[in-house]
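Student: Residue numbers (the working numbering), protein chains in the order written: chain A, 1 to 281; chain B, 1001 to 1286; chain C, 2001 to 2245.
Since the hints were derived computationally from the structure, they do not count as laboratory data.
The structure displayed is predicted, hence computed values, not measured ones.
No residue lacks a Cβ here, since even glycine has one placed at the ideal position from N, Cα and C.
Keep in mind that the hints are not guaranteed to be accurate.
No more than 27 Å apart at the CA atoms, straight line, and that leaves these computed lysine-lysine pairs for DSS-like [claimed, not checked]:
1) A:Lys211 with A:Lys169
2) B:Lys1124 with A:Lys231
3) A:Lys182 with A:Lys171
4) B:Lys1145 with A:Lys53
5) B:Lys1254 with A:Lys169
Rough simulated footprint, nothing fancy, chain A against chain C, three-plus residues with beta-carbon under 8 Å [what the hints assert, rightly or not]:
6) 2137 to 2149
7) 2184 to 2195
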Amino acid sequence: MISVERVCFWYSRGATVLDDVSLTISDGDVVLLMGENGSGKTTLAKLLNGLLKPKSGRVVVDGLDTREHSVAELCRIVGYVPQNPEHQFFAENAAEEVAFGLRNLGLGDKEALDEALSVLRKFGLERYASTPPWQLSGGEMKRLSIASVYAMQPKYLILDEPTIGQDAKQKKALIDLIFGMKAEGKAVLVITHDVEWASELGADKVVLLSKGKVIAEGVPEDIFFNYTLLKSCNLVPPVSVDLYAHLSKRGFSVPRSLDYGVLAESIALKLGGSSVVSGSI
Amino acid sequence: MPEPIVDIQNVTFKYAGSSAPAIVDVSLQIKRGEVVLVTGASGSGKSTFCRLLNGLIPHFYEGEFSGCVFINGVDTRTIPVYVLSKDVGLVFQNPDNQLVSLSVEREIAFGLENLGLPREEIIKRTEFILKYFGLDRLRDVPPYKLSGGEKQRTALAAVVAMRPLLLVLDEPTAELDPMSALQLALMLSQLREMETTIVIVEHRLDVFTPLATRILVFSEGQLVRDGPPEEVLFDSNLSSLGVSTPRVVQLQLKLEELGIKLPIKALTVSSLVDQLSSAVSSLDLR
Amino acid sequence: MVALSFLAAFEYEGKLSRLSRVDPRPKLIWLVAAMVLSIAYSSLKAQLLIAVIMVLPVIALGGVASVVLSLLKSTSLLFAMVFGLNYVFTRDLSFSLAMGLRLVILVVCFASFFRSTHTSELSDLMTKLRIPFYVTFTFTTAIRFIPTLAMEAQEIMDAQASRGLELERGSLLRRLKNYIPLLVPILVCAIRRSYQLAEALESRCFGYTKKRTMAYGLPPMSKTDWMFLAASVAQSAAVILLASM
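Here chain A stands alone, though its shape is the one from the complex (with noise of 0.2 Å):
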């Protein structure tokens, strides 16, 4: 468990980035933090693995205290896969990438190799294992991305605003590959500030943070249905919640589901099933 206990931070006094943060990720949760722009979502991300050490407070990841131990102590435990994935690349091809992570654990060049092939058929990136990282496709390099911080095997997984420059498909590619890390028993922490994508992830927890504060914290119907609080954010509500917002407020009843798919049976339900809504509107 990741305990983050009334943690304050700072760059630089007089501009407090996070104000007594408190919060816990649970083994195997899949948690999504979210909130505006410069809300402190990648600092407190940055105190999990040690980049940061918290100014008061403290961050004890599996009952280690973050400010007692180096980053590549806890690397091995949390890993932090950042915003851009140019950010990390380096290696003559993308086994090399993922070999990186694994030879910084102590593991000799061959197995480090053998196991990053490993790793790369699993991400269904093998064919590339010798192409240079640059050439992979923006979502391939993601993947990628992903795959080097995963290879070392971390029980957290710090995901940051993973959905950027992603189209459709790739999107929901990621979805796929969180719960797959899940179901290893990984717990996921994802930062985004796409509110569409995140209620469609099917997260064990929301939390909100706004200008350095815990906002709100719950489960994703709680938080996402709570229109005021998302609006109060800067954050855009799914077009699910706008729907049950407007909807609800002309009378017209509908539930609170963030699925598309029960909201257009709900919807058919109450118009009767007639083939054409009459044309006299």
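Starting from the known structure of chain A, fit chains B and C onto it as the hints suggest.
Tutor: Quick look at chains B and C alone, frame taken from chain A:
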């Protein structure tokens, strides 16, 4: 009939060192005042299409180019990019890599200075643009202190200041959060009211569809769909082309499967809500 | 890091001090005068004269004292080196102190100038001095990107550290090798940036005409600016006079 602003005739382009062409035999015309939304899967040729419009292809990128592109009657192969850019403004995806000046104000004046306009004209236009885009209070701020949304707004303002005939935006919100994307779309709809011809390449169709008069879908370098939003988007096969159909449309497609067809194809939440509530009330009246 | 605090002293600190309100032209003349005099004279007496008559008043005006102090801390190593080497080779205490002091004077003068002059003022100054536009433009664009590049470099370091990269450990060879995962992404991102910038510049008609308008320029010099200039001239004269006595 007035000449189309954009006339693309059988253009095929293959980047040097690439095995397959990025754009295959594309022909289309764009008239003044249209707002064209271009979409498709990653790698389908959308960005290449943008670069055809201001001459970056064929001048800046090496490769095999065939066919012709006429902008306002001028063949893009015959004039350099920096001359064509007087009429075609291009806003790029990365907010940082298109801002060169030390402050927002200077950035907006930059293009005008390049054009050699008289000083008074530059100052006048810069003031106007700063106010029009709500950048007045940020005028002295250096780019590294701006948020992503503010940077893109500055980039757009700097391009619009040059009064181009055609405004092209290549995935302007790809790196922005949804709220900034909405704000950019709002700015663009204001520009549309000024009869600017706009071409936007985007994935986020939820946000940009209400603006568009026409949608182009690219797949593997070919233009596979071209028509008004109501026609192009209400197609359940679209997702196989990598297009993220707006949720409002997806819902209507699902309703059609369940036997419900609305009289007007709604492209916005409010239009859909209006129709659904009147449908219910007309049912109650029976 | 010492290097970063050294660089920070040269960053423009905002329109706070009276020094930053002075036009860059008289300040440049002051800088050049102090520099030339400091290099021309080798005696300790001359360096002290320059420090007291020319440098201290300007520091007081600039309110840059606290920064200068931290600057002196970082320069102390250089001072010690210059002093030490000179003493070893000449055994002349006064001369060695003079050389060390010269270094400090130069650093402090340059820092005061850059700290009180906004980059756009610098670029306007360069334009006024009829430096070709492409030179000024290269200079200002580079300055514009320094913070951006620094932030990106930090992101890259964080990304690689998160994969277990340790820069401090191992033999010298290993440590040098460990810089590759940092340098390659920095280089790749820089190259990509230049390509995208070039596209953007073309798309904003860069090169459209040789007669490019310079819409912004330095306003005419005010009374204060002329007084500053007069004071610099007087100070230089005083130093020359007193040094020859």
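Student: Now, for every hint given, state plainly whether the structure supports it.
Tutor: For each hint, the structure was consulted:
For the suggested pair lysine 211 of chain A and lysine 169 of chain A, the alpha carbons sit about 33 Å apart, so the restraint of at most 27 Å is broken. Note on lysine 1124 of chain B and lysine 231 of chain A: the hinted pairing is violated, with a Cα-Cα distance of about 37 Å set against a maximum of 27 Å. Restraint check for lysine 182 of chain A and lysine 171 of chain A: satisfied, since their Cα atoms lie roughly 17 Å apart, inside the 27 Å limit. Of the pairs offered as hints, the one joining lysine 1145 of chain B and lysine 53 of chain A holds, with about 24 Å between alpha carbons and a cut-off of 27 Å not exceeded.
Distance restraint check for lysine 1254 of chain B and lysine 169 of chain A: the Cα-Cα separation of roughly 19 Å lies within the 27 Å cut-off, and the hinted pair is therefore satisfied. Residues of the region 2137 to 2149 of chain C lying with their CB closer than 8 Å to a CB of chain A number 0, which falls below the three-residue condition for coverage. Residue count for the region 2184 to 2195 of chain C with a Cβ under 8 Å from a Cβ of chain A: 5. That meets the three needed, and the coverage hint holds.
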